[in-house]
Amino acid sequence: MKKLILTAAAFALTAGTAFANDVVRMGTEGAYPPYNFLNDAGEVDGFERELGDILCEKAGLTCEWVTNDWDSIIPNLLSGNYDTIIAGMSITDERMETIDFTQNYYPPAASAYAALSSDVDLMGGVVAAQVGTIQADYVAQSGATLLEFATLDDTIAAVKNGEADAVFADKDAIAPFVTEGGDVVWAGDDVPLGGGIGIGVRKSDTELKEKFNAVISEMKADGSLNEMILKWFGDEAATF
Amino acid sequence: MFDFCADPKTLEGLSWLMCYLTTGKHMMFYSSFFVVLALMLIVAPVALAFGFGGAIAARSPIAPLRWLGKTYTSMVRGIPDIVFFLFVPVAMDQGLEYLRYLYKCPHDGTPVWANNEFSVCAAAKLPLSTSPQIWHEVYGFALAVIAFAIVFGAFAANVLYGAMNAVPRAQLETAEAYGMSPAQVRRRVLIPQMWTYALPGLSNLWMILIKATPLLFLLGVEDIVYWARELGATKSQIYDYPHPDWRFWYVLALLVFYLGMTKLSELALDRLSARLSKGQATMAGEAQRKAAA
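Protein chains in written order, with the working numbering: chain A, 2 to 241; chain B, 790 to 1082.
Think of the hints as simulated: they come from the structure by calculation, not from any bench.
Hints are not guaranteed to be accurate.
Ranges of calculated distance between the beta carbons of each label pair, as one might list FRET restraints [unchecked claim]:
(1) A/Gly196 <-> B/Leu857: 53 to 59 angstroms
(2) A/Phe241 <-> B/Thr1051: 55 to 61 angstroms
(3) B/Ala795 <-> A/Glu228: 25 to 31 angstroms
(4) A/Asp138 <-> B/Ile871: 46 to 52 angstroms
(5) A/Gly196 <-> B/Pro834: 30 to 36 angstroms
(6) B/Ala838 <-> A/Glu219: 55 to 61 angstroms
A virtual CB, placed ideally from N, CA and C, is assigned to each residue, including glycine.
Build out the structure end to end from the sequences listed, making use of the hints.
Right, dumping it as structure tokens:
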């Protein structure tokens, strides 16, 4: 009997390790260019795709990309639909209560307001932000009326059709809408928010977190991370 | 797709549009229409089977079975669809993974539900992390089918239960007088006759099912609504085919698709209803008899 239990346990253990770290599923939103977006071939593309692929290669992991809506991206990580969140997610204390982050792979970035004219009332008007972002929290505390939307694109559309006076979001993400000669312009000053962007992992996945931490440190040290940041975010982007 | 699409930024007018409408992403959009059609075609018979079972159970002379049938219809009918659509897939997913956990994982005392996380060992994951993405999508789709089938099965059960009661009692009595057993009465008289009474209700359900398919989007299945939203969103210069907010046009296309689907169904259901009324002791059947005479 004892032998039987031992063999069963041994079998279970080998089965466990055989599957343990074969494929890491990388969860992203796919609607936040240039961090991550679906390119015209329908594949995940962007800064985080390129970075993620290199991190996985260096750490010897096989990675697969999955997209998930932003507002359920943390719950679905916790229930195990994928193993990481690599979706321009800033490291905050509030998020650290439910999930863990690797060290940041993108330095604390500026957030900015954009509106139809540069003199709108940012502190008393209606400001749109993507739901569950640090920018939404900031707007709620700024005294302005917060209008939340599921995607970044919806927030911009809200400003264009007059539903909101301004949009508040990560500066790099809304830059294309402002710089491409549309009717949206910058408003107010930039606001530095968050502790940089890291890869979100389940608290129980310490091994995976350490692997990513090691390769991110390596890329920070040899300058290849900075190169990639400049490539995707332009010459004025903040680097390490 | 076409050779001249190699450098999209130089294209203009019609050739731009042709290249734009044949990108890989648009192909995924087009194929998602088949996902929706597949959902409807799979859910309809499964829900009908659920409904049939529910209706037979609700009429059963065995009390526990009758309670089961009645509970099923009243519970599902009393809870908003959307709650069910959100609940069933999550509950089923975690339930199945928990069952697999029981016999596939080493039981070393790691809790399954702990500080918000639901974690089972990699071997118990469904589908396995190592399986290709397509299996994850098929699995998500299957969960959606089950959620739809449970909800629409309850509606169908109610319709069929009503239809069975609508078959004239005299018909069943005659069959009994011929000495048929209850099972024979059910199979030979009740079920063939009830369809004509059930059809209006069932065709309503079919229409509702067609219109409920965008709920797939809520379940994370990449359906036509997902792609319409994704493709219509403003595209900056980082994309090969930059364009302003075109969601209006994409949603318009969905609108046309759904109108077309319901129109087609209406035509088909009208023919079916005429076919089923033939020789029935109902107003439609009587009208057919008179028209022929």
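Right, here's what the structure says about each hint:
no. : hint                                       : result
1   : A/Gly196 <-> B/Leu857: 53 to 59 angstroms  : 55 angstroms, holds
2   : A/Phe241 <-> B/Thr1051: 55 to 61 angstroms : 57 angstroms, holds
3   : B/Ala795 <-> A/Glu228: 25 to 31 angstroms  : 28 angstroms, holds
4   : A/Asp138 <-> B/Ile871: 46 to 52 angstroms  : 27 angstroms, violated
5   : A/Gly196 <-> B/Pro834: 30 to 36 angstroms  : 53 angstroms, violated
6   : B/Ala838 <-> A/Glu219: 55 to 61 angstroms  : 57 angstroms, holds
The structure shown violates the earlier hints numbered 4 and 5.
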